[in-house]
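Chemist: Chains as they are written, first to last, in my numbering: chain A, 581 to 786; chain B, 581 to 786.
Any given hint could be a false lead.
Note that identical chains are pooled: a pair holds if it fits in a single copy or bridges any two copies.
[Claimed, not checked] Taking lysine-lysine and the BS3-like style, the derived pairs with C-alpha atoms no more than 30 Å apart in a straight line are:
id, residue 1, residue 2
1, K692, K723
2, K734, K715
3, K597, K723
4, K715, K642
5, K715, K692
6, K692, K597
7, K723, K669
8, K669, K642
9, K715, K644
By construction, these hints were calculated from the structure, which means they are not laboratory data.
2 protein chains.
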Amino acid sequence: MAKSAKASPRVDIATRKQAFVRDEIESSAAGLFAERGFRAVTMDDIADSLGYTKSVLYYYFKNKNEILWLIFSRSLDIYASAIDAILRKGHPHDIAMREMIREHAMCVMRNKNYTTIYNREESELTDQQQRLLNKRRRDYDQKFEMVYKSGIEKGMFRDIPPHVAISGILGMCNWLHVWYDERGPLSAEQIAGYYATLLSSGYMTG
Amino acid sequence: MAKSAKASPRVDIATRKQAFVRDEIESSAAGLFAERGFRAVTMDDIADSLGYTKSVLYYYFKNKNEILWLIFSRSLDIYASAIDAILRKGHPHDIAMREMIREHAMCVMRNKNYTTIYNREESELTDQQQRLLNKRRRDYDQKFEMVYKSGIEKGMFRDIPPHVAISGILGMCNWLHVWYDERGPLSAEQIAGYYATLLSSGYMTG
Numbered sequence: 581m582a583k584s585a586k587a588s589p590r591v592d593i594a595t596r597k598q599a600f601v602r603d604e605i606e607s608s609a610a611g612l613f614a615e616r617g618f619r620a621v622t623m624d625d626i627a628d629s630l631g632y633t634k635s636v637l638y639y640y641f642k643n644k645n646e647i648l649w650l651i652f653s654r655s656l657d658i659y660a661s662a663i664d665a666i667l668r669k670g671h672p673h674d675i676a677m678r679e680m681i682r683e684h685a686m687c688v689m690r691n692k693n694y695t696t697i698y699n700r701e702e703s704e705l706t707d708q709q710q711r712l713l714n715k716r717r718r719d720y721d722q723k724f725e726m727v728y729k730s731g732i733e734k735g736m737f738r739d740i741p742p743h744v745a746i747s748g749i750l751g752m753c754n755w756l757h758v759w760y761d762e763r764g765p766l767s768a769e770q771i772a773g774y775y776a777t778l779l780s781s782g783y784m785t786g
Numbered sequence: 581m582a583k584s585a586k587a588s589p590r591v592d593i594a595t596r597k598q599a600f601v602r603d604e605i606e607s608s609a610a611g612l613f614a615e616r617g618f619r620a621v622t623m624d625d626i627a628d629s630l631g632y633t634k635s636v637l638y639y640y641f642k643n644k645n646e647i648l649w650l651i652f653s654r655s656l657d658i659y660a661s662a663i664d665a666i667l668r669k670g671h672p673h674d675i676a677m678r679e680m681i682r683e684h685a686m687c688v689m690r691n692k693n694y695t696t697i698y699n700r701e702e703s704e705l706t707d708q709q710q711r712l713l714n715k716r717r718r719d720y721d722q723k724f725e726m727v728y729k730s731g732i733e734k735g736m737f738r739d740i741p742p743h744v745a746i747s748g749i750l751g752m753c754n755w756l757h758v759w760y761d762e763r764g765p766l767s768a769e770q771i772a773g774y775y776a777t778l779l780s781s782g783y784m785t786g
């Protein structure tokens, strides 16, 4: 394992512990926000859920908004890096789009609490955070739209305004955060596969 | 115009006025809830937005939850009656499904505030209200699933588990509450038409 020559093992452990506790707080807060709604959850609730005192929480986060913004930023990072990895492969448009849909759907299902918060709590962000969120969301959507647009130009994809098609495609996948149940009979992979087929080929057989 | 023989015109006017004020409060509250979130809006805010005193509000509604539940009930009524009207026409499955999708999408766009609240504020309802909501929502989804199931049996629709296909179809339409902008260049009818085509035939051309 690579180790920094400068950091002593003790510092290393302390840093890793801090990152671990930060993640733990973020994850626990996400569970509570998703279940009860951001406003209904207090810093006390988050501390209680982990058996920490509130002062531990305030050591890591200035306030509840900072935790919320971390959840939004993390969601954006997860989605963007998954799609960028597909785009780097340079697939033909039909395969790229299908993979992007599957991956987006999988991200929603794998990070259900995060997606619930992402889709419901935007109004709790500051104006500056909302502007940044909108910019990053537009960047993300545009990656899909560009692939769709090229697909139309090549005659592979149906000639629907790309932003309408992509909003529909992502909307179907985003909705999974409402109804997907990881204890259900179908795996996330199966559902993502059905969605990709439904979107690419439609529900009509002929 | 038909008029009740028993009711005096004065009673009639009073009743109509009450219904009007009730609707006005409901509609204004829906706008505020959709914009700021249910918890962030007080009875004072709703009264202020209409130039009423809070006591007027409490004459019509016991509390904020009663207004919220009325918004949910109204949404359920609007959706169910639109779909029932289509089912009564006895169309073949492909036409019925297409009309149901278009109508569902139109309902979302026509009642954007209501759909936003419907999709975000469920956790604010009482347990009993949530049970009733879930029952009515299942009834609604099942109308779609039954048409889909018959369509599979007739070989018209792709053999995907009906609840997966319908969750995807309704999910795409429900998402319109997030991004549909009535000031945008496309009409609600155009968007509903694109969605119905995308869902029935897919984004691939061949």
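Chemist: With reference to the structure, classify each hint as holding or not holding.
Modeler: Results for each hint:
| no. | hint | in the structure |
| --- | --- | --- |
| 1 | K692 x K723 | both (22 Å within a copy, 27 Å between copies) |
| 2 | K734 x K715 | within (29 Å within a copy, 46 Å between copies) |
| 3 | K597 x K723 | neither (36 Å within a copy, 52 Å between copies) |
| 4 | K715 x K642 | within (25 Å within a copy, 42 Å between copies) |
| 5 | K715 x K692 | both (22 Å within a copy, 23 Å between copies) |
| 6 | K692 x K597 | within (26 Å within a copy, 46 Å between copies) |
| 7 | K723 x K669 | within (14 Å within a copy, 42 Å between copies) |
| 8 | K669 x K642 | neither (40 Å within a copy, 59 Å between copies) |
| 9 | K715 x K644 | within (23 Å within a copy, 35 Å between copies) |
Checked against the numbered hints above, the structure breaks hints 3, 8 and satisfies the rest.
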